[in-house]
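Assemble chain B onto chain A, guided by the hints.
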Amino acid sequence: MNEAYPAVETRGLWKTFGEGDTAVHAVHDVSLVIEPGEFVALCGPSGSGKTTLVNLIGGLTDPTRGEVRVDGRDVGAMSEPERAQLRLERIGFVFQAYNLLPVLTALENAEFPLMLRGVARDERRQAVRRLFHEIGLGGLEDRRPGALSGGQQQRVAVARAVLGAPALVLADEPTANLDTQASDALLGIMELLNQERNVTFIFCTHDPRVMRRARRIIRLVDGHVERDAQKQPGTLPDWVLAPVGAE
Amino acid sequence: MMERWLLIGRVALRNLRRQLRRSLLTASAMVLGVGLLMFVRSLEGGAHLVYVDTATRMGTGHIAMEHPDYMGSQDLADRIASPDLTRVLAAVEGSVPPGELVAVFPQLNVGGLAQSATSSIPVRITGVDPTLEAETSFLAGQVVEGRYLTADDRLEAIVGIGVAERLRLELGSRLVLMAAGAEGDLESQLVLVTGIFRSGIPEVDRGVVQLPLPTAREWLEIGDDATSVSVILMSDQRTGDIADAVRSHLAGEGVGPERLAVRPWWEAMPDLYAGLRADTVQTYIMLLVLLGIVALAVVNSILMAVLNRTREFGVLRALGLNRRAVGAMVLVEGVILTVASGLVGMLLGLAISMGVFRDGVDISFLFGGELAFAGSVIDPVIPPAVLASDVIAILTIVIAIGIVATLYPAWHATRIEPAEAMKTDE
Chain A
43 MNEAYPAVET RGLWKTFGEG DTAVHAVHDV SLVIEPGEFV ALCGPSGSGK
93 TTLVNLIGGL TDPTRGEVRV DGRDVGAMSE PERAQLRLER IGFVFQAYNL
143 LPVLTALENA EFPLMLRGVA RDERRQAVRR LFHEIGLGGL EDRRPGALSG
193 GQQQRVAVAR AVLGAPALVL ADEPTANLDT QASDALLGIM ELLNQERNVT
243 FIFCTHDPRV MRRARRIIRL VDGHVERDAQ KQPGTLPDWV LAPVGAE
Chain B
2 MMERWLLIGR VALRNLRRQL RRSLLTASAM VLGVGLLMFV RSLEGGAHLV
52 YVDTATRMGT GHIAMEHPDY MGSQDLADRI ASPDLTRVLA AVEGSVPPGE
102 LVAVFPQLNV GGLAQSATSS IPVRITGVDP TLEAETSFLA GQVVEGRYLT
152 ADDRLEAIVG IGVAERLRLE LGSRLVLMAA GAEGDLESQL VLVTGIFRSG
202 IPEVDRGVVQ LPLPTAREWL EIGDDATSVS VILMSDQRTG DIADAVRSHL
252 AGEGVGPERL AVRPWWEAMP DLYAGLRADT VQTYIMLLVL LGIVALAVVN
302 SILMAVLNRT REFGVLRALG LNRRAVGAMV LVEGVILTVA SGLVGMLLGL
352 AISMGVFRDG VDISFLFGGE LAFAGSVIDP VIPPAVLASD VIAILTIVIA
402 IGIVATLYPA WHATRIEPAE AMKTDE
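Chains A and B supply the protein sequences, listed in that same order. Basically the numbering used here = 1-based index in the first sequence + 42. Basically the numbering used here = 1-based index in the second sequence + 1.
Since the hints were derived computationally from the structure, they do not count as laboratory data. Owing to the predicted nature of the structure, the values given are computational and were not obtained by experimental measurement. Where is the CB? At the ideal position from N, CA and C, for every residue including glycine. Check each hint, because a few of them may be wrong.
[Claimed, not checked] Which bits of chain A does chain B cover? Going by a derived footprint, with three or more residues having C-beta under 8 Å, they are: (1) 97–103; (2) 120–127; (3) 142–156.
[Said to hold, decoys possible] Derived contacts from chain A toward chain B, CB cut-off under 8 Å, selection only: (4) Leu130; (5) Phe135; (6) Phe137; (7) Ala189.
[Unchecked claim] Residues of chain B clear of chain A, computed beta-carbon distances all greater than 10 Å: (8) Gly113; (9) Glu171; (10) Asp225; (11) Tyr274; (12) Phe366.
One chain only, chain A, in its complex shape (with noise of 0.2 Å):
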């Protein structure tokens, strides 16, 4: 992660899907700055436009207005190429579903950036079987997702996402389909990566367990930042879960 540079900016962001009447605006005039090494939570009812949001900030789909910065670069301003370049070097995703590739091991579905990026396969599996030790899929390298668990699959997604080394991580609801335990162990992963490497995470999330641990918290309600605030790991705020229009 480059210091100099936020490790996500916006300014003025809107996505609006369809047209005229129809139209919706699925993130409405938000600009964040998002600093280098946070752990930030985006909640909000459904609908309220968090995976869009992270999606624009991934560069996954186009802004109908406004800037997206990662890194200090502007992703609208980048061809498709250079954005594919930036999500392999710079971004890494968690999704609420794994998305693991089926046809791959596991070891292979972690390396899979990383052998994209043309690193030499001893380092790479080196790599990922210190992770997998670390994070506890020691011995399921060789196991293809139809043969792990929930827990054991959105690990060696994290896998994935972390082993690049990337400047961002961005993970859509990932402890949705988890439960407490793999939860809380997933977590304590990305925390420790968080820490250990300055890895930037920007979850998306209805997870209270998930907001307890981050340290800043932000609330969509209908495509807009309602609020936005720092906050104590292992605390969470009434304002968080409240009822849009409550307070």
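Positioned in the frame of chain A, the structure of chain B alone reads:
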């Protein structure tokens, strides 16, 4: 970079295995299509070899040499003089690789009249070397009454069965042949019918008379000259090269194209060559239509696979794979499926051609009577022949189908937007 392609290949292979039933169904259409193409082409190739072999042994040879004007004039004035004939024979000896030459023989061909006690008809009169022709000539094996010519014959002749019928000739009948001699005067020669042949080609059976070359030379007063020289080779594979070698050998001896035309069979028998080409093109068109239908099955299968994996392609894009690489992944998958099944199809075609029908396919039930093609009679038992050119052509077609049939699904995969793809269910 290489590792990225290996990864793409590995993912493609595993995806094919993952959808095993669909892959096998698509592959089986390709296997059958290509197997059929291979078999039909080998059968046709075999038939063509038979046509060419028969036609060349009818007298033209794999390589025919004559005065450049003789083909048009059919005039004895346009013949090969004795000294050039000696050079031609030396050039052939010096140009044909050892073991390739079956026979080289001079002939005297002239148009004339054949007259019996009852009638007269126009015929083609050919003076042949009985010893050489008996071993290699197609007509020597087609004698149905009497015998073929021998080295001891002087006034004997063989006639086509049509000639015999039209002139009411039997074995031992007398026949007068009349033709313009070297000086342009009408010359006649009495011969005795010693054999009657049936070639199966109406124009040959109804119009050809053969007699010994020495007799014909003496009768037409051309000394040791000839109108043509035919070269029979062991196979047709190197005909063009050998013709070129003979041509340059003769040019080195001062016998240029203005004095002697050296023609491979496809130039000497353009009708036969055009017929074979048309036959081949027709077969390829028919089979390409068939393979086009197979290609649609490949398009359908690969497109279904892409649509079913929309989310997966979205993930790949999110992980940093660019559009081109995603398209390449689909393309590789389609090409692997098509080429692998195409190769199996080729092996199947080979197994059918060279195993099951090794001794030939009897197609006589399709035809009544004699089977002739472009002036050449053929044996109805066709031995399949696999030609290298066909193997290369079919392999090229298979690869082309693999690429073309996968282009649309690959393009579709490149258009998948990752954010939209993530919303789809697999």
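Hints versus structure:
For the region 97–103 of chain A, the stated coverage by chain B is satisfied: 4 residues place a CB nearer than 8 Å to a CB of that chain, which reaches the threshold of 3. Check result for the region 120–127 of chain A against chain B: holds, 4 residues qualifying (beta carbon to beta carbon below 8 Å, three or more required). Coverage of the region 142–156 of chain A by chain B holds. Counting CB-CB distances below 8 Å, 6 residues qualify, and the rule asks for three or more. Among the interface hints, the one on A:Leu130 holds; its C-beta lies about 3 Å from the nearest C-beta in chain B, closer than the 8 Å criterion.
With 8 Å as the threshold, the beta carbon of A:Phe135 comes within range of chain B, its nearest partner Cβ sitting at about 5 Å, so the hint holds. Because the smallest distance between the Cβ of A:Phe137 and any Cβ of chain B comes to about 7 Å, under 8 Å, the interface hint for this residue holds. Look at A:Ala189: its Cβ only gets to about 14 Å from chain B, farther than 8 Å, so that hint breaks. Against the 10 Å criterion, B:Gly113 stays outside the reach of chain A, whose nearest CB is about 80 Å from its own CB.
For B:Glu171, the shortest C-beta to C-beta distance to chain A comes to about 82 Å, beyond the 10 Å cut-off, and the non-interface label holds. Look at B:Asp225: its CB is around 79 Å from the nearest CB on chain A, clear of 10 Å, so calling it non-interface holds up. Listed as a non-interface residue, B:Tyr274 keeps its Cβ farther than 10 Å from every Cβ of chain A; the least gap is roughly 52 Å. With 10 Å as the threshold on Cβ separation, the claim that B:Phe366 sits away from chain A holds: the shortest Cβ distance comes to roughly 52 Å.
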